[in-house]
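Construct all of the structure, not just a fragment, from the sequences and the given hints.
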Amino acid sequence: MSDAPLLEARGLSKRFSVGLFGGSRQVHAVTEASFSVDRGKVLALVGESGSGKTTTLRMLGRLVGATEGEILLDGVDVLKAERGRASLAFRRKVQVIFQDPFSSLNPVRTIGHCLERPLLIHGHARTEAELREGVRGLLETVELRPADEIAARYPHQLSGGQRQRVAIARALAARPELILADEPISMLDVSIRMGVLNLIERLKSELGIAFVYVTHDLASARYVGDSVMVMYAGRIVEGGPCETVLGERAHPYTRLLVSAAPDPLKIAALGASAASEQGAPGPATAARRVEPPSLIDLPPGCPFAERCPEAMKACALSVPPPFDLGGGHWARCFLYGRVD
Amino acid sequence: MADTEYATGARFFRALLRQKKAATGAVILLFFLALALLAPLAFPGDPTRFVARQNQAPSARHLLGTNGQGQDVLAQLALGARTSLFVGFSVGFLITLLGLAIGMTAGYLGGLADGLLNTFTNVFLIIPALPLLITLASFLPPGATTVALVLTATSWAWPARVFRAQTLSLREKDFVAAALASGEGSRRIIFAEILPNMLSLVVSSFFGNVVYAIGADVGLAFLGFEDLNKVSWGTMLYWSQNNSALLTGSWWTFVPPGLCVALVAFAMTMLIYAIDEITNPRLRSEKEIAGVLKKLGLGQRRSTPVLPYGNER
Ligand SMILES: Nc1ncnc2c1ncn2[C@@H]1O[C@H](COP(=O)(O)OP(=O)(O)OP(=O)(O)O)[C@@H](O)[C@H]1O
Ligand SMILES: [Mg+2]
Numbered sequence: 001m002s003d004a005p006l007l008e009a010r011g012l013s014k015r016f017s018v019g020l021f022g023g024s025r026q027v028h029a030v031t032e033a034s035f036s037v038d039r040g041k042v043l044a045l046v047g048e049s050g051s052g053k054t055t056t057l058r059m060l061g062r063l064v065g066a067t068e069g070e071i072l073l074d075g076v077d078v079l080k081a082e083r084g085r086a087s088l089a090f091r092r093k094v095q096v097i098f099q100d101p102f103s104s105l106n107p108v109r110t111i112g113h114c115l116e117r118p119l120l121i122h123g124h125a126r127t128e129a130e131l132r133e134g135v136r137g138l139l140e141t142v143e144l145r146p147a148d149e150i151a152a153r154y155p156h157q158l159s160g161g162q163r164q165r166v167a168i169a170r171a172l173a174a175r176p177e178l179i180l181a182d183e184p185i186s187m188l189d190v191s192i193r194m195g196v197l198n199l200i201e202r203l204k205s206e207l208g209i210a211f212v213y214v215t216h217d218l219a220s221a222r223y224v225g226d227s228v229m230v231m232y233a234g235r236i237v238e239g240g241p242c243e244t245v246l247g248e249r250a251h252p253y254t255r256l257l258v259s260a261a262p263d264p265l266k267i268a269a270l271g272a273s274a275a276s277e278q279g280a281p282g283p284a285t286a287a288r289r290v291e292p293p294s295l296i297d298l299p300p301g302c303p304f305a306e307r308c309p310e311a312m313k314a315c316a317l318s319v320p321p322p323f324d325l326g327g328g329h330w331a332r333c334f335l336y337g338r339v340d
Numbered sequence: 001m002a003d004t005e006y007a008t009g010a011r012f013f014r015a016l017l018r019q020k021k022a023a024t025g026a027v028i029l030l031f032f033l034a035l036a037l038l039a040p041l042a043f044p045g046d047p048t049r050f051v052a053r054q055n056q057a058p059s060a061r062h063l064l065g066t067n068g069q070g071q072d073v074l075a076q077l078a079l080g081a082r083t084s085l086f087v088g089f090s091v092g093f094l095i096t097l098l099g100l101a102i103g104m105t106a107g108y109l110g111g112l113a114d115g116l117l118n119t120f121t122n123v124f125l126i127i128p129a130l131p132l133l134i135t136l137a138s139f140l141p142p143g144a145t146t147v148a149l150v151l152t153a154t155s156w157a158w159p160a161r162v163f164r165a166q167t168l169s170l171r172e173k174d175f176v177a178a179a180l181a182s183g184e185g186s187r188r189i190i191f192a193e194i195l196p197n198m199l200s201l202v203v204s205s206f207f208g209n210v211v212y213a214i215g216a217d218v219g220l221a222f223l224g225f226e227d228l229n230k231v232s233w234g235t236m237l238y239w240s241q242n243n244s245a246l247l248t249g250s251w252w253t254f255v256p257p258g259l260c261v262a263l264v265a266f267a268m269t270m271l272i273y274a275i276d277e278i279t280n281p282r283l284r285s286e287k288e289i290a291g292v293l294k295k296l297g298l299g300q301r302r303s304t305p306v307l308p309y310g311n312e313r
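Note that the protein sequences, when read in sequence, are chains F and X. Residue 282 in my numbering is what sits at position 282 of the first sequence, and the numbering runs on without skipping anything. Residue 163 in my numbering is what sits at position 163 of the second sequence, and the numbering runs on without skipping anything.
The hints are simulated quantities; they were obtained by calculation from the structure and are not laboratory data. For clarity, every value in this text was computed on a predicted model and none was experimentally measured. Each residue gets a CB set at the ideal place from its N, CA and C atoms; glycine is no exception. Heads up, a few of these hints could be off.
Claimed, not checked - Label pairs and their calculated CB-CB ranges: (1) F:SER49 with X:LEU263: 53 to 59 Å; (2) X:VAL123 with F:LYS313: 56 to 62 Å; (3) F:SER24 with X:GLY224: 55 to 61 Å; (4) F:SER205 with X:LEU17: 51 to 57 Å; (5) F:ARG175 with X:THR119: 42 to 48 Å.
Right, dumping it as structure tokens:
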């Protein structure tokens with residue numbers, strides 16, 4: 001248990017075949033994502049809709065196979081070590097929380113049942129009494145009380161926020177080291193978002209669980225994230241410590257993203273940024289109106305080039321490699337270096 | 001997510017019992033089940049024995065008269081219910097089971113397995129069932145087992161398709177991905193996570209299959225492809241036709257069995273409608289609107305009927 005990262009992705013790509021008859025056309029949902037997640041830290045992944053955040057997360061959680069690349073968990077290349085199905089050991093260490101709490105809980109099962117299953121599967125409880133104790137403990141951890149009453153309910157008898165807490169409790173049941181959270185607050189009412197974010201904070205500091213937190217909302221990324229990665233058209237274009245990245249905004253796309261958010265650096269703006277999703281135009285509307293590039297025919301150069309105010313000749317020719325900006329901060333942009 | 005609210009077993013059946021349609025269907029069905037169960041007590045002895053002169057009209061001694069062979073029609077009707085319902089329910093059950101096994105496996109596994117199973121299903125779907133039914137029935141030794149096998153083999157494909165489609169859509173739900181992420185195995189995901197969410201579809205498909213099986217069984221018997229010494233509603237119709245009941249005007253030999261088949265089918269269809277209504281929010285809300293309109297004295301508004309699965313054969 002050194003400072004080696006908990007999880008590392010190397011050149012992770014995902015292409016979906018689309019079209020009739022298996023399709024010759026391919027959607028490049030994620031292209032060559034490389035990053036690492038440190039123990040007990042929150043890595044935020046931000047990007048606009050369709051940029052490949054969910055696909056990246058599902059690859060990490062081994063819910064979809066990667067087309068290319070490696071996933072190293074504790075230094076072991078899990079895609080090579082366990083071909084096909086993920087092992088139970090992997091499932092125990094890495095858990096997933098989904099975006100829509102209305103579809104992530106089975107409508108025909110009680111909350112208690114849905115928490116008992118992972119306890120049983122991973123051998124954390126065996127007898128009836130242990131199970132009941134385990135379920136109660138999990139519900140208390142996510143601040144759902146009275147625990148016994150909640151456990152007897154069905155998902156449709158809970159509010160969205162309560163359901164999302166149940167989903168978090170289910171992830172905790174395995175006693176994971178890493179939780180992959182896909183926009184866990186985006187479907188929740190604005191008034192209860194903070195509660196869920198604070199819960200994530202608490203789980204990180206008290207239980208030492210690492211998170212990959214996916215969002216399109218910069219304020220919450222900044223609030224919970226230790227480091228952040230910005231994704232555009234399937235590529236991670238900038239990454240580094242949260243304050244540095246959102247403060248310096250090295251990549252032109254990050255600048256656009258930050259300027260488009262109403263007040264991205266204040267957590268109080270959480271609600272406001274939710275409102276802007278409904279279509280209230282941000283300051284950078286002119287640039288925003290340009291469609292992101294087609295993921296089917298990727299341009300040979302930087303995917304952001306045609307929207308980029310700083311675009312140079314080189315940008316259209318090849319994809320910029322990640323340039324180191326110091327302090328763990330990097331950006332894939334020719335503003336910061338050249339390739340010869 | 002039409003099924004969400006009523007998907008749990010107990011709640012589903014409670015909701016079902018509150019329905020007028022369901023109650024009608026259930027009462028008729030229970031009547032016939034009781035008839036079948038109690039028949040040997042009420043009509044002891046061989047129903048094929050000669051009891052009185054041929055083709056006698058209903059009388060106090062023989063409530064439904066006698067048929068062309070001087071057999072008691074009522075005794076045959078009651079004892080025949082046993083055969084017909086037994087074949088109907090067991091074949092309905094087999095069809096549903098086979099359809100579930102093949103459809104859900106294909107839908108859940110996807111990929112190559114789905115491709116193969118789906119092709120297999122489609123082949124069975126396009127084979128014209130009736131000729132195959134008659135061919136098979138005439139080559140195999142007559143008897144209830146043959147009928148059951150033949151009917152199952154020729155009719156599992158449609159339910160399999162329906163279940164596959166439903167599985168395909170449920171498989172994409174996040175709760176399935178969540179179960180996978182929790183470390184659940186495929187078998188549990190199929191049977192404990194996905195299947196309970198298709199409960200209403202499975203139950204109404206089962207009723208539809210029973211109706212089909214009873215009808216097909218009667219049809220095969222009527223055409224003479226069954227063991228004609230065995231008493232069933234189908235063989236009753238066969239003998240009635242064989243003895244030219246229509247010409248002799250002895251309606252009591254064919255109306256009762258025909259009516260029984262129709263009533264059972266009606267009861268099942270009522271149940272299917274009821275299930276459809278409680279699991280389909282659109283129909284449910286239409287009913288509520290109709291109720292409100294009625295209270296306001298505005299009368300009823302007819303909407304486009306939605307055919308439940310089972311009427312599509
Ligand atoms: N199963 C699939 N088949 C084909 N294309 C897919 C599939 N899943 C995702 N994609 C495509 O991959 C791209 C990335 O999708 P993804 O869901 O990862 O985006 P996202 O960043 O999570 O977006 P959002 O913020 O809307 O959730 C999209 O263009 C999407 O259409
Ligand atoms: Mg997404």
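Margin query: When the structure is checked against the list of hints, which entries are broken? Sort them ascending.
Written below: As far as the earlier hints go, not one is violated by this structure.
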